[in-house]
Amino acid sequence: MSVRATEITSLLALEFRLDMRQRHALGGLLLYVVSAVYVCYLAVQKLVDVPVWNALFWIILLFAAFNALSRSFMREDGGRQLYLYSLVDPRSVILARTAYNGLVMVVLSFLSLCFYILFLGDGALAKAELGQFILVTLLGGIGFAAVLTLISALAARAGNGLGLMAILGFPVVLPMLLTLMRASRNALDGLPWEVNDRYVLWLLAIDALTVALAWLLYPYLWRD
Amino acid sequence: MRTKVASLFFLFLLSALPAGSFAQEAAPAWVEETMFSSGKMTTVVIVVTAVLVGLGVWMFAMDMKLRKLERRLKK
Amino acid sequence: MRHWWWKVLCVLLLVHTAVAGLYIPLNPGLVHVSRNSLPPERTSISLTGYNTHFASCSSGNNAWLESGTYRYCLGTAKAVSETRVDLNSAAPPAAKDGMWTVVVENDVDGMLRLQNALFVKGSGVNGSDQPCPALVPMNSSAFMFHKGFPNRSILNETIRNLFFHVPMWFSMITLMAIAFVFSIKHLRSGSLDHDLAASVAVNVSLLFGTLGIVTGSIWARATWGGWWTSDTKLNGSALTLLMYLAYVILRGSVPDAHKRARLAAVYNIFAFMLMLVFIMVLPRITDSLHPGNGGNPAFSQYDLDNALRAVFYPACLGWILLGIWTYNLRLRYGRLNALLDENESR
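Protein chains in written order, with the numbering used here: chain A, 460 to 683; chain B, 22 to 96; chain C, 1439 to 1784.
Looking at chain A on its own, in the form it has when it is part of the complex (with noise of 0.2 Å):
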């Protein structure tokens, strides 16, 4: 098991170096999320509705989220590949990828949440009960990456990449952005923690669950 832990954290400092190796990738992800909330900008102007406030951010962070997860397993070709796998067990590779998508959604839902209420305006947090509304936000980023990696791993092994994670992939993080909207609006509306601890439970459910089959599937997925 320890010996797991340490390979899971060398290949994370690995998917770190990587990507900053490639800090163009990370930039033009950040520009996409930019450009995106300024569209809505440039559309609705200010946004106060609380619904429709919501519904648009989540919208913006799963596009965000498909954009950021397809590339996670695209850059790898068959020698480096099979380099890594011959060094290192494949779930730790997937728990590894899991994780540092998992840190980089954070990152890019809270800086988007920035930007969108630099944009759009604040006037649906007048009633938040801001840490729920945070925690949402986290546990959403963690389960669009846990959701999407493994789709990302199977779109890139089938060939097929974006096209194929768009189609693989929204039916099944569907139950989750549902479960994300429901919690994160309860937050807005500023409920109190009684009303959401359910909704927070399932998410923590729906990503356990995903994590847990991802690391059950992913050794039949690497190997040809």
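Think of the hints as simulated: they come from the structure by calculation, not from any bench.
Source: prediction; values computed, not measured.
The C-beta atom is built at its ideal place from N, Cα and C for all residues, glycine as well.
There could be a bad hint or two in this list.
As the list claims (entries may be wrong) - Restraint-style ranges between C-beta atoms, simulated for each label pair: (1) B:Phe81 x C:Leu1714: 29 to 37 Å; (2) C:Leu1630 x B:Val74: 50 to 58 Å; (3) A:Asp548 x C:Lys1697: 33 to 41 Å; (4) C:Pro1693 x B:Arg88: 33 to 41 Å; (5) C:Lys1516 x A:Glu653: 53 to 61 Å; (6) C:Val1619 x A:Leu577: 48 to 56 Å; (7) A:Cys573 x B:Lys89: 55 to 63 Å; (8) B:Lys86 x A:Pro651: 53 to 61 Å.
Said to hold, decoys possible - Heads up, incomplete: computed chain C residues facing chain B, CB under 10 Å, no partners named: (9) Arg1473; (10) Asn1489; (11) Met1537; (12) Asn1594; (13) Glu1595; (14) Ile1656; (15) Arg1659; (16) Leu1774; (17) Glu1782.
Chain A is already provided as a structure; the job is to place chains B and C on it using the hints.
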């Protein structure tokens, strides 16, 4: 071919998802008349027919597949 | 015998479903009141029944208003035909303003209610009851009629769709579970036959899912007034179909058989688990028009009805067996095809 049909159906379903917003509009009179007459029994008839037609279409598709298989067997 | 007893059972169950499900009559019920409101002055109203015996009953027909425990007599209604009675009555002065349930009673049909049928413009507070004069005791042999299906307002005859729409979903879920099991088996064994079984099960489950959506849409039109409503179960089933159509597309986009089998199996397991979560989560998140969710009369309420239960359970088993049977046929075709491919490539 099947992938194409599936993608078309996929698109159709996608387009149907937000359709709830205009679901409550008034329907043409003939719909009301045919479907609501005699205790709405017509609806039951349409539903049963739909099931049978669906199964029938499946049987035809299966028939065609089997015919192709037979042709290959003869070769 | 061993191989086809369940097919015989399937046919028998479906025959039972068709005959009993379409032949057993609906219980008598009130379906329509000619006015929406009852003013304080005398007005004529006609009440329309379904499968009722307004004219041929020996007791005459009493009509009254009901709300909670309060009852106000509207008088004896004149039977125009078996299914129509006319009343000439005014809002009882002691009745409170609001929606009242209309009740008609005779010795053959018993008590027939139409919930919240009339808006009564009364005085303001409910005064003391004004019960109708007692009827002759219930004619018990005629009352046998009540062994039919419950006649609920809005649903009426369409309650029979319970046997032709709901089991489609059970059939679909059963086939998806079969596909799930074979996907796991494939990952353990790597055998292409297991993959074939899984993909065929998904194909046939899509057939039943489509039938479920089409029949549901027709039923929704007749009861809720829209071909598609933004309802939990509708969205859930549409998404389930989307997931499995995506499975078909995934299969179509990978040329290599072994790779295709493995990717499809992984996706299928993932999708099935998330679909289960979806089915569990969704009704708790949104309100629903569907029976059993969000403050709607639950189907367990109908299921409690023995007449319905005696047809519904066999219907479910029958349709599930039909699903397995079609799957079986399609699988045998697929196996023959695979065998032929193998021989040709040799």
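Cross-check of the supplied hints:
no.: 1; hint: B:Phe81 x C:Leu1714: 29 to 37 Å; result: holds (33 Å)
no.: 2; hint: C:Leu1630 x B:Val74: 50 to 58 Å; result: violated (34 Å)
no.: 3; hint: A:Asp548 x C:Lys1697: 33 to 41 Å; result: violated (21 Å)
no.: 4; hint: C:Pro1693 x B:Arg88: 33 to 41 Å; result: violated (26 Å)
no.: 5; hint: C:Lys1516 x A:Glu653: 53 to 61 Å; result: holds (58 Å)
no.: 6; hint: C:Val1619 x A:Leu577: 48 to 56 Å; result: holds (51 Å)
no.: 7; hint: A:Cys573 x B:Lys89: 55 to 63 Å; result: holds (60 Å)
no.: 8; hint: B:Lys86 x A:Pro651: 53 to 61 Å; result: holds (59 Å)
no.: 9; hint: Arg1473; result: violated (19 Å)
no.: 10; hint: Asn1489; result: holds (8 Å)
no.: 11; hint: Met1537; result: violated (21 Å)
no.: 12; hint: Asn1594; result: holds (4 Å)
no.: 13; hint: Glu1595; result: holds (4 Å)
no.: 14; hint: Ile1656; result: holds (5 Å)
no.: 15; hint: Arg1659; result: holds (6 Å)
no.: 16; hint: Leu1774; result: holds (6 Å)
no.: 17; hint: Glu1782; result: holds (8 Å)
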